[in-house]
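**Q** So the chains spell out like this:
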Amino acid sequence: MKIIGIIPAYNEEKRIRATAEACLPFVDELIVIDDGSADNTFMAAKSIPRVYAIRHTINRGQGAALRTGTHAALHLTADIIVHIDADGQHDPSQIPDLTHVIKSNQADVVFGSRFLGQEPKGMPLSRRALLLAGRWFNTFAQGIPKTISDPQSGFRALNRKAAVQINFKQDRMAHASEILKLVTRSKLRWMEVPVTVTYTADSLNKGQKNTDALKIAWQLLLGIFTKS
Amino acid sequence: MLIQILLILGFVLVFAITWRRFGQNVITFREASLWSFLWLSGVAFTLYPGLTERLASFFGVGRGVDLILYLAVAIQFFLIFKLFILNEQSERKITNLVEREALSHLNEDEPASANRPSNYESNG
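Residue numbers (our numbering), protein chains in the order written: chain G, 5 to 232; chain U, 554 to 677.
Check before you lean on any hint, since a few could be wrong.
Simulated crosslink set (DSSO-like; lysine-lysine; CA at most 27 Å straight-line) [said to hold, decoys possible]:
{"hint": "1", "chain 1": "G", "residue 1": "173", "chain 2": "G", "residue 2": "6"}
{"hint": "2", "chain 1": "G", "residue 1": "219", "chain 2": "U", "residue 2": "635"}
{"hint": "3", "chain 1": "G", "residue 1": "107", "chain 2": "G", "residue 2": "165"}
{"hint": "4", "chain 1": "G", "residue 1": "165", "chain 2": "G", "residue 2": "231"}
{"hint": "5", "chain 1": "G", "residue 1": "165", "chain 2": "G", "residue 2": "6"}
{"hint": "6", "chain 1": "G", "residue 1": "150", "chain 2": "G", "residue 2": "191"}
{"hint": "7", "chain 1": "G", "residue 1": "150", "chain 2": "G", "residue 2": "125"}
{"hint": "8", "chain 1": "G", "residue 1": "50", "chain 2": "G", "residue 2": "18"}
{"hint": "9", "chain 1": "G", "residue 1": "165", "chain 2": "G", "residue 2": "150"}
{"hint": "10", "chain 1": "G", "residue 1": "219", "chain 2": "G", "residue 2": "173"}
{"hint": "11", "chain 1": "U", "residue 1": "646", "chain 2": "G", "residue 2": "231"}
{"hint": "12", "chain 1": "G", "residue 1": "231", "chain 2": "U", "residue 2": "635"}
{"hint": "13", "chain 1": "U", "residue 1": "635", "chain 2": "G", "residue 2": "173"}
{"hint": "14", "chain 1": "G", "residue 1": "150", "chain 2": "G", "residue 2": "219"}
{"hint": "15", "chain 1": "U", "residue 1": "646", "chain 2": "G", "residue 2": "165"}
{"hint": "16", "chain 1": "G", "residue 1": "125", "chain 2": "G", "residue 2": "18"}
{"hint": "17", "chain 1": "G", "residue 1": "231", "chain 2": "G", "residue 2": "191"}
{"hint": "18", "chain 1": "U", "residue 1": "646", "chain 2": "G", "residue 2": "173"}
{"hint": "19", "chain 1": "G", "residue 1": "219", "chain 2": "U", "residue 2": "646"}
{"hint": "20", "chain 1": "G", "residue 1": "173", "chain 2": "G", "residue 2": "150"}
{"hint": "21", "chain 1": "G", "residue 1": "6", "chain 2": "G", "residue 2": "191"}
It is worth saying that the hints were derived from the structure and are not from the lab.
Model, not experiment: these values are computed from the prediction.
Okay, chain G solo, but in the shape it has when bound (with noise of 0.2 Å):
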């Protein structure tokens, strides 16, 4: 089975090589989509082997990039997509746990959870009662089912299959909470196995923000709204 991870990257020419070349033992190819970074995020993917570098002409969001990328992806013949994000807090030696399970065809669609037994590093305890709070809002907004455990979850494959039919539409952060939406409203096989997600002072320093949580509302409240 031919396994594809994708990687969406913004300004992220110092990190990008060491996380794409950490995560090639685990795939048959990579895609990186540079999301209109300013600097050479680009080039520094394109110089790296077995990895096809894509690029945003102008930023568009981390939702965007996966989608971007996955369609890439299933171009490329992909049977298992990966998402990863490029800024190091997944560990991509984690990705055949979430494979195997596709592999073995136990699932359609597996999430990475950090509430699954195996503790977050380094993650501040605001960021731990607004993701509790996620999973509730998640619950009552959007109709997730409470036993998700990681309502914002960036670690997560899918076969084939369920890449064809999640035709997820947000652009930014909402995505997680959509693709969760989607996938547990279809008649996917879907699961969660644990995996253990870092956080270092960068990561926290560029990743999402406490005050992220409610443009992931409003984002979410809009695109109830939108057509396209």
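Dock chain U against the given chain G, drawing on the hints supplied.
**A** What follows is chain U alone, placed relative to chain G:
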């Protein structure tokens, strides 16, 4: 009173512009009708201020002016939200264009060790 004359002239002007825009196919008949209802209501309330008091007491609001203010705020919220939605639709169209442009280069920059893809399948 002078204020009544000015207000009515204003409402008549925008009423005329509304139907001119309908004639130019800029807005639909439904939109023109809705806006016209708003302008004609304005004329009615300007000519007969007592109407707002009666409406206000019907809704349990103290004064007619307060009712108009509440309605104005509600209508503005609605219109602003609609603008956000239109903006979101435009954003998605831009994203689709950016994606299409990005994918058009996929085959040009393939890594040496990768297989050339044979078909393209999109869910978008």
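**Q** Looking at the structure, which of the earlier hints fail to hold?
**A** none
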